Amino acid sequence: MPAVAVKDLHKTYGSHEAVRGIDFEIEAGEVFGLLGPNGAGKTTTVEILEGYRTRDSGTVEVLGQDPQRAGLAWRDRIGVVLQSSAMYPNLSVAESLALFAGYYRDPLDVDQVVGLVGLEEKRAARVRTLSGGQTRRLDLGLGLIGNPEVLFLDEPTTGFDPAARRAAWDVIRSLRELGKTILLTTHYLDEAESLADRVAVLREGRIAAIGRPADLTGSAPATEIRYRWNGEDVVVSTHEPTRVLHDLTTKALGEGRELENLSVRRPTLEEIYLALTSNEEPTE
Amino acid sequence: MRLFRHQLTGEQRLYWRSRELAFFTFLFPLLIFVLLASVYGNDRIKKEHNVPAKEYLLAGILGYGLVSTAFAGLAIVLVIRRESGVLKRLRGTPLPPTTYLGSVISSTVIVYSIEAVALIVLARVLYDVPLPHEWPSVILAVVFGTLAFAAMGIALTGVIRSGDGASAVVNAVYLPVSFLAGAFWSAQSFPHFLEVISEILPLTHFIRLMRNIVLLHQPIWDNWEQVAVVAAWGLAGLILSVRTFRWEPREG
Chain A
1 MPAVAVKDLH KTYGSHEAVR GIDFEIEAGE VFGLLGPNGA GKTTTVEILE GYRTRDSGTV
61 EVLGQDPQRA GLAWRDRIGV VLQSSAMYPN LSVAESLALF AGYYRDPLDV DQVVGLVGLE
121 EKRAARVRTL SGGQTRRLDL GLGLIGNPEV LFLDEPTTGF DPAARRAAWD VIRSLRELGK
181 TILLTTHYLD EAESLADRVA VLREGRIAAI GRPADLTGSA PATEIRYRWN GEDVVVSTHE
241 PTRVLHDLTT KALGEGRELE NLSVRRPTLE EIYLALTSNE EPTE
Chain B
1 MRLFRHQLTG EQRLYWRSRE LAFFTFLFPL LIFVLLASVY GNDRIKKEHN VPAKEYLLAG
61 ILGYGLVSTA FAGLAIVLVI RRESGVLKRL RGTPLPPTTY LGSVISSTVI VYSIEAVALI
121 VLARVLYDVP LPHEWPSVIL AVVFGTLAFA AMGIALTGVI RSGDGASAVV NAVYLPVSFL
181 AGAFWSAQSF PHFLEVISEI LPLTHFIRLM RNIVLLHQPI WDNWEQVAVV AAWGLAGLIL
241 SVRTFRWEPR EG
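Protein sequences appear in the order of chains A and B. Residue numbering for the first sequence follows this note's numbering, beginning at 1 and increasing consecutively. Residue numbering for the second sequence follows this note's numbering, beginning at 1 and increasing consecutively.
For the record, the hints were derived by calculation from the structure and aren't laboratory data. Keep in mind the model is a prediction, meaning the values are calculated, not measured. Each residue gets a CB set at the ideal place from its N, CA and C atoms; glycine is no exception. A couple of the hints might just be wrong.
Covered stretches of chain B (in silico footprint by chain A; criterion: 3 or more residues with CB under 8 angstroms from a CB of chain A, positions within the stretch not fixed) [said to hold, decoys possible]:
#	region
1	1 to 9
2	14 to 28
3	209 to 222
Every beta carbon over 10 angstroms from chain A, so not counted as near; a handful from chain B, in silico [to be verified]:
#	residue
4	Ile45
5	Val51
6	Ser84
7	Trp185
A short list of chain B residues far from chain A (calculated; beta carbon distances all over 12 angstroms) [said to hold, decoys possible]:
#	residue
8	Ile80
9	Arg82
10	Ser113
11	Arg161
12	Asp164
13	Leu175
14	Leu180
15	Val229
16	Ala236
17	Trp247
18	Pro249
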């Protein structure tokens, strides 16, 4: 049985169709990334799975239960890290974790979680003195303290500097090693690529692509070779950049001319992502 | 029960750690009491059974302390927790909502009980106001008053839309109410139209109840009129709370 199963999920707010028919499954122990720009329906989808929102149609199961009807025993088995990161500013890191640990039947040890999220040095510090990145790591810790089987992470690193993001990635990788099933939303492709076993790219409430990150980048656009020739900009798109470049340079050398402004560009992951999320014709 | 005690301990820690909250809702009424008592000196209030003004003031500030802890303080804390997403986060845990609200309200009962004892002791030590005889009635009134005003405070959170606006809205309600209810000076000496408003307010009746119990040594069950008015307001607050209480931020 998959840990999470979503079939033909629909959700409309007023006249806005936020989610327009989504299907995916997450196996136990899998790290699954929901990738997409703001407004693609990521948070709506996750909040339906977390039991915060009701769906209009379709079926949703998390740990075999419908989140809309699941009770507190089900909540005991899931962990939620929301986008906003508010906490009690006057509690220390350890006190916050201990307070939340008390809500669960079989929580993790506070010190173990402090270690997992890398806040050993801030263990006794009040929450209000933490940096943004440290607060977010405490957030992760609070989602984790109940020792959940399934963990939902909604944009865990948005607004982080690169170093803080790497640190948060390490935390998420160590969660995977604990065997947690993780659903992670992000609008950073590199994040999905480096953390997730599988990724679904959301666009306007639909799944534009789903698969292993390598499979998604495998259907990549061609390499671009740009140069200036006879005063005009030339762009060559090719899947054989070595051969094309060799021909070009041979020709230029033979004529004793320079390939002005020569550049060779592999498509970035960003561009693949943009191609998936914006180049398709708009629906409706 | 274990979970309730766990959360209650947490709420107590949160309350006393938040210095602004503890100052404005707990300490401030004590300061106001000493300040006004020193102004009133040895005055007596003819329209309040000719009791010394300081004694009357004790009943008034017991009322003011109640609205500032159970009504204003609770409403502000809950709005801030709602708007900052703390309540939403709690909904994602297996903590039962009733256990949560039960411990928040019980924590308020503890705070106001300490406040009431502090005021009564302060009045005895500084101004020789005799101690109440009817302690069971004092305890009942304190618990009953806290529950009723907490219900009204939670109902008020339904109309506050942002964390920034919480203090402004709450102050605009509870300060005029305290004044009109005669928390600082007997409402009996107000002009007629203010007196009419005053008679409607639950705080007026709570202060009267406290006066009768603490100063006139009457048991609470001889004051069913006051109890009924406060209970009616509390019930209205409860109904409104159940209908409008939200766990998620209003914005976003």
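| Out of the numbered hints, which ones does the structure contradict? | 3, 6, 8, 9, 17 and 18
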